[in-house]
Structure formats: C-alpha cells, structure tokens
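Asks: Here is how the chains run, residue by residue.
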Amino acid sequence: MDMDPRIWSGLPDHLLERVLSFLPLKTFLSLRSTCKHFKSILSSPLFISKHSSSLSSSSSSSLSSFILLSHPQFPHNKYPLYNTVTNSWCPVSLSIPSSTLKCSGNTTLLTSSNGLLCFSAPDSYSFVVCNLLTKSIRHVKYPFRPFAFELLTLVAVPTAPNNNNNNIAAYKLFMLSSSAAAAALVYDSEAGAWREYAAGGSAALNGTRHQNGVFFDGRVFFATSRPFSVACFDLEMGSWERSALGLLPPGGGGDEVAFARLVSDGDRRMYLVGGVGVSGISRSVKVWEYIYDREDGTNRWAEVETLPEMLCKKFLSVCYHNYEHVYCFWHKGLICVCCYTWPEILYYKVCRRTWHWLPKCPSLPHKWSCGFRWFSFNPQLYANV
Amino acid sequence: MAAETGTPTTLTLKSNDDELFSVAESAAILSVTIRNMVEDGCAGGVIPLDNVDGKTLASVITYMNGISAIPADEEKKKSYRDKFLSDKDFETLADMVLAANYLNMSCLMDAVSAKIAQVMEKKSVGWVRRKFGIENDYTPEEEAAVKEEHKWTFEGVETDDDN
Numbered sequence: 001m002d003m004d005p006r007i008w009s010g011l012p013d014h015l016l017e018r019v020l021s022f023l024p025l026k027t028f029l030s031l032r033s034t035c036k037h038f039k040s041i042l043s044s045p046l047f048i049s050k051h052s053s054s055l056s057s058s059s060s061s062s063l064s065s066f067i068l069l070s071h072p073q074f075p076h077n078k079y080p081l082y083n084t085v086t087n088s089w090c091p092v093s094l095s096i097p098s099s100t101l102k103c104s105g106n107t108t109l110l111t112s113s114n115g116l117l118c119f120s121a122p123d124s125y126s127f128v129v130c131n132l133l134t135k136s137i138r139h140v141k142y143p144f145r146p147f148a149f150e151l152l153t154l155v156a157v158p159t160a161p162n163n164n165n166n167n168i169a170a171y172k173l174f175m176l177s178s179s180a181a182a183a184a185l186v187y188d189s190e191a192g193a194w195r196e197y198a199a200g201g202s203a204a205l206n207g208t209r210h211q212n213g214v215f216f217d218g219r220v221f222f223a224t225s226r227p228f229s230v231a232c233f234d235l236e237m238g239s240w241e242r243s244a245l246g247l248l249p250p251g252g253g254g255d256e257v258a259f260a261r262l263v264s265d266g267d268r269r270m271y272l273v274g275g276v277g278v279s280g281i282s283r284s285v286k287v288w289e290y291i292y293d294r295e296d297g298t299n300r301w302a303e304v305e306t307l308p309e310m311l312c313k314k315f316l317s318v319c320y321h322n323y324e325h326v327y328c329f330w331h332k333g334l335i336c337v338c339c340y341t342w343p344e345i346l347y348y349k350v351c352r353r354t355w356h357w358l359p360k361c362p363s364l365p366h367k368w369s370c371g372f373r374w375f376s377f378n379p380q381l382y383a384n385v
Numbered sequence: 001m002a003a004e005t006g007t008p009t010t011l012t013l014k015s016n017d018d019e020l021f022s023v024a025e026s027a028a029i030l031s032v033t034i035r036n037m038v039e040d041g042c043a044g045g046v047i048p049l050d051n052v053d054g055k056t057l058a059s060v061i062t063y064m065n066g067i068s069a070i071p072a073d074e075e076k077k078k079s080y081r082d083k084f085l086s087d088k089d090f091e092t093l094a095d096m097v098l099a100a101n102y103l104n105m106s107c108l109m110d111a112v113s114a115k116i117a118q119v120m121e122k123k124s125v126g127w128v129r130r131k132f133g134i135e136n137d138y139t140p141e142e143e144a145a146v147k148e149e150h151k152w153t154f155e156g157v158e159t160d161d162d163n
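Chains A and B supply the protein sequences, listed in that same order. Position one of the first sequence corresponds to residue 1 (the working numbering), numbered consecutively onward. Position one of the second sequence corresponds to residue 1 (the working numbering), numbered consecutively onward.
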C-alpha cells in the first residue's frame, strides 16, 4: 500500500513521543538511530515515567539480564555478556569506551547493583557510577587523597520494591578505607556526600577480605570463617554488629566451616554458601538461608541444600582448596559461585533447587587462567546515577 | 446549557470538509474539547471541528457511540477498542491520533498510540524513516556510533525491512 508520509511528518513531537513511549524498550533502543530526536526521547520525562511504573509489563522486563565477565586480558573495556534469559553467550560483547565514562586513564569495573555499574578511576581520583542504558554517569571524588579502599559495596535498591515502582532513585557506596585505619566510608548519592564512621567496629571483620559486602535489611553483611561469624554495618545507624550464630550443629564430629560467602537478593533473602570439613579442607559445600523469626525475635541459619557430590568434587578441585579465590553473587534468582581461577560459574537455581555450570565463554582463549571476575548486570532505564 | 429532562440531547458536528454528523451528547462529551463547548453553552447550533476531516470524524463517532454503549467494564471497553482498531491501516491511525489529540480524548489517544507502537514493533529504522517521513540527521559516523551503543540489547529483535 502506498502511504503518504506527509501525514506522519505532520505529527507534532509530543504525539510522536506518546506513540514511541508505548514501544517495548528493546524495540525503542533498536530504533534510536532513526534520527536525533528519537535518540533524545529516551531521556524524556514522559518516556521515563511510562516505563518506570510497569514492573511486570512489557517495558523493563523485555530487556534481558546478563552476567558480565571481566578479564584483564580482554581488549580494554570489552565485556562478554551471558544472557540469563536465553541461557546463551551474546554474540556481541559489551563495550564501554572511556568516552562513555568521561575520564582519562585506566578504569576498572569494581561492582554492580541492579542497573548500575561502578568503576574505579584512580587517575582522576574518583569512582564512576554508570547507567549504560541512559549513558548517564556520575564521578564520585575520593573522600581524601591518597585513598586506598577495600570491600567496596554498591547498594542500589528500588525505593519501594513492594509497589509497582522499581525506580532506583538513590544508591550508596560502602567501603573500608585501608589508609585511615579501616574506617567505614559511605557515599550517599542523594546527599552527594561522604560520611566517615569510626573504625572500631570493623575489627569484627576479623581480617576477612574475601568478598564485597552484601546488602540485606538495611545493612551490609560480611562473613568470616575459621572461626565462622557474620558482621554487619547498619547504613542508617552507622554502627557495627557481630553475630556468632552457628552454622553447624554443635559437636558435629569436628566439622568446621572452611569458607563462608554471603549472597543476598537485596530484598528479602540472604543465603550463605559454605564449605564444611576439617582442618580447613572442605569435604562438602552447603547452602544456608538466614531465617529471622519476627514473632520471637530469634534468628538462625537453616540449611537448604548440599552440593551434589560430583559437582562438589569438580568445584573443590577447580579452586584447589584455595578458598581465597572463591566468591559468590546473586543474579536474578541464581546463587552464583565463582572462582577467580576458573572460567566457569557454578550456579544454584533457587526456585528449582538445581545446580548447573555456566558454560565457558566461547571468545575466551584456552590459556587464560586467572582473573575471572563476574558481575550481575540487569540494565534498567530508571536507575538514576 | 439548556438541559431538557427526558429527551437525550443530540449535537451536530461539522468536519473541516463540511460534512455534518449527528451524535448523542452523552457520547460526544467523551471528547473533552466538545464537553467544554457544551458546558460553556457554545454547542447550540453546529459544532465546527476544523482539524478533522469527514472520513476520520465518522470513524471517531463510531468509536464514541460504541464505547459509550458499554457500561463501566474496563475489560469490555478494552476489547471493543482492540476490535475497533484491528482493521485500521497505518494512514488512518495517523489521522485518528491527530483527531483524538484535537478532540482531547485520552482513551482513544492511548489506544491508537499503542496500536501504532504495535505496528512499529520489529520494524527497521529504514521502515520507520520512510513511513514517518523522517529525515536522517545523523552523519554516517554518528549513526554508526549510535547503532554500536546499544548493540548488546538488540539480541532477539529481528527487523523486517520489506514491510
């Protein structure tokens, strides 16, 4: 049929925007190269409000979620993506040129939370928080110089996860300063400012440096092993707490916790993945869930799963009983168990209670061995930086 | 406004090509533009609608009558809208969205906009440019850069150039 484009070109901008706001986000992104006006609509208030209120409908959920692989030997700022909706490696790697991050010098991806990625940019003395969908970034200057930090944790959770609004309006960066006697430092994106908290409580960490904190119930949690304990920092109160809740039943045949890593979905659930054995050598790997009983105010770790023997053998041989290299993260209903020295991820699908290996990235050369770092990446239009 | 009890009031609408249409006031006031005229007492004679042609106005009136006959049941209204729009071609949809905007009928606007968006799904950039008469204002380099930017999100979007 021969259409008359004159009718459409006469469509006022606000009507065109209204039409485009009905497009699924994925379709819209693929049409951004139509003209400059289309590109600018992505950040228009109408488009954003339309897409932010629909948690379950077409818009945000039509975008896939990914597990992102970072390796020091990949070409600079290239990150292969594993699509966890289609369960396959994406043919195109994610590329984050330094122009996107608007800073010179080296940048290193440190952590992710929902739609946000956080990089360090030591040459410009700052962190860079970035939403890749909207191409929006924020440079967060180090609180002082020189600045050395550890256990950086990015906390970006929906403002009101229980209603239909999954906007990430604000986030916090938590870290320990290794220069200022392990003081806790928190950057609050709403205030745009840093706060420093006395070092005292961080001794509860017992020297653990294995994994970033996990955010659960307003607090950032850390696990230590040998002896096992859990410490947490309350982001509101700015105070440390330590809990000595046991994982194993007392007197369990001399078994002890050889390593312990926490995982949280950022909302309702916190899990712990741990190795159980004697003399610091794991014989089995188990998963526990943190249970808090609101009625009598008690809490405990409930064992939910033991890694099947064959998988366990492979995993323990992969990490050579060197648990320093083991870390875990949560990704869309999956507990991912990784090892810096191994190119595959072992993951536990919580709803089905099944274990799987995430296949090796096809673009990964065989000889690369060390430095595999994985991140959960759930692109969201509405994660404000 | 001279409200006569009992007898339903009928309004006369005039399109920009001088066609006259009679429509029940209760249906016509779905248009906020017409409702304001009625409330201001300017709807005594013929209401001229300068931005709507006869063909489109006939279609809009069919919609007004159809939707106002449905009691407050959002499901049924929605299925009526879907059915109403199912046989409209792309050109008609453009006329409808302009008319709905002029007449200030947000429910029709949203339905037509969603329908247009549905047609656009899986269409190529070239198709959109052709159909919307949009000029490509990128330099080739800029266009390539924009395409590159979100490449990783395109997986699964298959565009259909011929259509």
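Please keep in mind that the hints were generated in silico from the structure rather than gathered at the bench. Hints are not guaranteed to be accurate.
Claimed, not checked - Within a straight-line C-alpha distance of at most 25 Å, the following computed DSS-like cross-link-like pairs (lysine-lysine) qualify:
#1 A:Lys135 with B:Lys151
#2 A:Lys367 with A:Lys50
#3 A:Lys36 with B:Lys123
#4 B:Lys76 with A:Lys135
#5 A:Lys332 with B:Lys123
#6 A:Lys78 with B:Lys151
Asks: Give a verdict on every hint.
Replies: Cross-check of the supplied hints:
Restraint check for Lys135 of chain A and Lys151 of chain B: satisfied, since their Cα atoms lie roughly 14 Å apart, inside the 25 Å limit. Only pairs whose Cα atoms come within 25 Å are accepted, and Lys367 of chain A paired with Lys50 of chain A is rejected, the gap being roughly 47 Å. Restraint check for Lys36 of chain A and Lys123 of chain B: satisfied, since their Cα atoms lie roughly 18 Å apart, inside the 25 Å limit. This hinted pair does not check out: Lys76 of chain B and Lys135 of chain A have alpha carbons roughly 41 Å apart, beyond 25 Å.
Restraint check for Lys332 of chain A and Lys123 of chain B: not satisfied, since their Cα atoms lie roughly 30 Å apart, outside the 25 Å limit. The straight-line distance between the Cα atoms of Lys78 of chain A and Lys151 of chain B is roughly 13 Å, inside the 25 Å bound, and the hint therefore holds.
In summary, the structure is inconsistent with hints 2, 4, 5 from the numbered list given earlier, while agreeing with the others.
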